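Protein chains in written order, with our numbering: chain A, 81 to 357; chain B, 81 to 357.
FYI, nobody ran anything at the bench for these hints, they're computed from the structure.
Everything numeric in this text was worked out from a predicted model, so none of it was measured.
Think of the CB as a built atom: it goes at the ideal place given N, C-alpha and C, for glycine as much as any other residue.
Don't take every hint at face value.
[As the list claims (entries may be wrong)] Every beta carbon over 10 angstroms from chain B, so not counted as near; a handful from chain A, in silico: (1) ASN116; (2) ILE165; (3) PHE188; (4) ASP237; (5) GLN240; (6) ASP282; (7) LYS296; (8) ASN356.
[Stated by the list, open to error] Pairwise CB distance ranges (calculated): (9) B:ARG178 / A:GLU101: 22 to 32 angstroms; (10) A:ARG259 / B:GLU271: 44 to 54 angstroms; (11) A:GLU299 / B:PRO220: 37 to 47 angstroms; (12) B:ILE279 / A:GLU299: 44 to 54 angstroms; (13) A:THR258 / B:ILE279: 55 to 65 angstroms; (14) A:PHE188 / B:ASN116: 48 to 58 angstroms; (15) A:ARG129 / B:THR258: 29 to 39 angstroms.
Spelled out, the chains give:
2 protein chains.
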Amino acid sequence: QPTEERNNIPAFTPSQKKRLEALLMPEEVIPDPSENLNFQELESSLVNRRKKDIVKIYEDDRENQLGKIERIITKFFVDRGFLEIKSPILIPIEYIERMGITEDKELFEQVFKVDKNMCLRPMLAPGLYNHLRKFDKVLPDPIRIFEIGPCYRKESDGSQHLEEFTMLNFCQMGSMCTRKTLENLIDELLEFMDIEYEIVSDNCHVYGATIDVLHKDMELASAVVGPIPKDADWGITKPWIGAGFGLERLLKVMHNYKNIRRASRSESYYNGITTNL
Amino acid sequence: QPTEERNNIPAFTPSQKKRLEALLMPEEVIPDPSENLNFQELESSLVNRRKKDIVKIYEDDRENQLGKIERIITKFFVDRGFLEIKSPILIPIEYIERMGITEDKELFEQVFKVDKNMCLRPMLAPGLYNHLRKFDKVLPDPIRIFEIGPCYRKESDGSQHLEEFTMLNFCQMGSMCTRKTLENLIDELLEFMDIEYEIVSDNCHVYGATIDVLHKDMELASAVVGPIPKDADWGITKPWIGAGFGLERLLKVMHNYKNIRRASRSESYYNGITTNL
Ligand SMILES: Nc1ncnc2c1ncn2[C@@H]1O[C@H](COP(=O)(O)OP(=O)(O)OP(=O)(O)O)[C@@H](O)[C@H]1O
Ligand SMILES: Nc1ncnc2c1ncn2[C@@H]1O[C@H](COP(=O)(O)OP(=O)(O)OP(=O)(O)O)[C@@H](O)[C@H]1O
Ligand SMILES: [Mg+2]
Ligand SMILES: [Mg+2]
Ligand SMILES: [Mg+2]
Ligand SMILES: [Mg+2]
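So that you can see chain A by itself, here it is in the shape it has in the complex:
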């Protein structure tokens, strides 16, 4: 059933519109039906454009955008004195409880459990806490570490949430752990990525008072100025600052995607281009 019928020109059905939207890149628009292109002509012209886009990547660059942004941000933090961490993705459920995410908290319901005692990490904080505690006996002050990698949460809202996403979490412990240092790091990163943002203060189950980084209505990151009471449960006794960013949200902003899915680990999109061609 056409959604619209005007001057005898059939408009697109909802499923045709959906198909065209998947084929369009963010800067493109569905042509006005009065231009009198029928669906088949339009679809096949867009399919050809998208094939050319993927062929161009294959010939010129061949880098996956999620892999590439991880490499770029890794270099950014390594260059600024942060140690690169790669900790387990499959973690003990006990870590979730120790993060203060007890059964009554919203995030508790979002955790993917695996077997009896394990789960997919919903955040990078437990692994970073453990590294900070161990490195406190090893590294000179201040300690700066970061991790980039997969995180998992059960979500319902679609356009800016994925169940499988990629988190960046950087933190510093010891000297100079001020809100100013934290905001400078966030500013330097987002300047470097050429992403506009504003900082607002918010409240969070796990950390208490948090600083959120927004782009328009979308949260790019939550940041914390420690210390916080829960540190004691992780054997942490020094001041710290830290922030967690979603890499797919950064890609969504950079490429102006309507839906975060284009930026995700996916079989349906390659570098934001539909692979259903």
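The hints should help you fit chain B with the ligands onto chain A, whose structure is shown.
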């Protein structure tokens, strides 16, 4: 209880030996007890050496070895015309069945299930199959793609198996999909990594006849010259070749680790150095 007592010099207990082994790097040896160093002196001298090793990484390089080997191998394949893929790690269980891994197969028992219909991928093949099928309509012949990322298997044997490991899988579909091309790619990669190997033929549940790449007694990779009957279940109709390597096994060989755990995503080791200091 000392394991050995000689000339009145107490030898090390099993737990002391274990601690010293964790503190030693592969090139080092536990000193002869007749050198008359007691456990506490030895432990504290090794702890200091390991702290210095980590501080040196923090000051000079700051790259995680697992992250770094992923980046090096990514560049290797991108430079040789392979497209970088990042597909979901959390996949439908249906993919496992479609890979021919039915309930009667050993690998079936090794899969970590998540909720009712999902599991952690034990291999990269399903995602690559789906990309090959889709790109067959898009990319020029031959199609060359690869992925590097986490895979999960329940394992019992410890010294060369991890439950969470990192697979590299590269493949080519279309022209020139010969055993010669495959062996040349394997040879070029392992030459580049400076790793000695030999190739032997083997049999495998999923693929039938396979080519294994060994370093001494350890399998580094399994490789396949397609086509194989199961291709039809993935909509693949052209010849292909491919190989899957474990990155932690490559690191184990490169750094001469006794146990693969030193090379894994871990809170107990950083770049092969114990973090329990
Ligand atoms: N499901 C998700 N999909 C994609 N990115 C996410 C998801 N959940 C969190 N992130 C990213 O990780 C960052 C830090 O995680 P945090 O726990 O603060 O998220 P959050 O406050 O739950 O975000 P939201 O309110 O949007 O659900 C977020 O700012 C966001 O960029
Ligand atoms: N549990 C594991 N831990 C680390 N690496 C692994 C593991 N399982 C497989 N790999 C790596 O992935 C490669 C390809 O996977 P494949 O399915 O051929 O393994 P496999 O034949 O089961 O290996 P093995 O016989 O050693 O268990 C292996 O050659 C190995 O390098
Ligand atoms: Mg949320
Ligand atoms: Mg938040
Ligand atoms: Mg095996
Ligand atoms: Mg094998």
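* Go ahead and decide if the range 44 to 54 angstroms is satisfied by the Cβ distance of ARG259 (chain A) to GLU271 (chain B). => Holds, since ARG259 (chain A) and GLU271 (chain B) (Cβ atoms, about 51 angstroms apart) stay within the stated range.
* Given a hinted range of 37 to 47 angstroms, is it respected by the beta-carbon distance of GLU299 (chain A) and PRO220 (chain B)? -> 41 angstroms, holds
* Distal placement of ASN116 (chain A) relative to chain B, Cβ over 10 angstroms -> Given a closest Cβ separation of 28 angstroms, the condition holds.
* Asked: Is it true that the C-beta distance of ARG129 (chain A) to THR258 (chain B) lies inside 29 to 39 angstroms, as the hint says?
  -> 35 angstroms, holds
* Taking the minimum C-beta separation from LYS296 (chain A) to chain B, is that value above 10 angstroms? -> Label holds. Min Cβ-Cβ 26 angstroms, cutoff 10 angstroms.
* To do: May I ask you to check that ASP237 (chain A) keeps its beta-carbon over 10 angstroms from the closest beta-carbon of chain B?
  => 18 angstroms, holds
* Asked: When you look at the beta carbon of ASN356 (chain A), is every beta carbon of chain B farther off than 10 angstroms?
  -> 7 angstroms, violated
* Asked: Just checking, ILE165 (chain A) versus chain B, shortest CB gap more than 10 angstroms?
  -> Not fine: 6 angstroms to the nearest Cβ puts ILE165 (chain A) too close to chain B.
* To do: Examine each Cβ of chain B, and state whether all of them lie more than 10 angstroms from the Cβ of GLN240 (chain A).
  => Fine: 18 angstroms to the nearest Cβ keeps GLN240 (chain A) off the interface.
* Asked: Was ASP282 (chain A) rightly flagged as not at the interface, with every chain B Cβ beyond 10 angstroms?
  -> 29 angstroms, holds
* Okay, ARG178 (chain B) versus GLU101 (chain A) on CB: inside 22 to 32 angstroms? -> 29 angstroms, holds
* Asked: Is 48 to 58 angstroms a correct range for the gap between the Cβ atoms of PHE188 (chain A) and ASN116 (chain B)?
  -> 56 angstroms, holds
The structure shown violates the earlier hints numbered 2 and 8.
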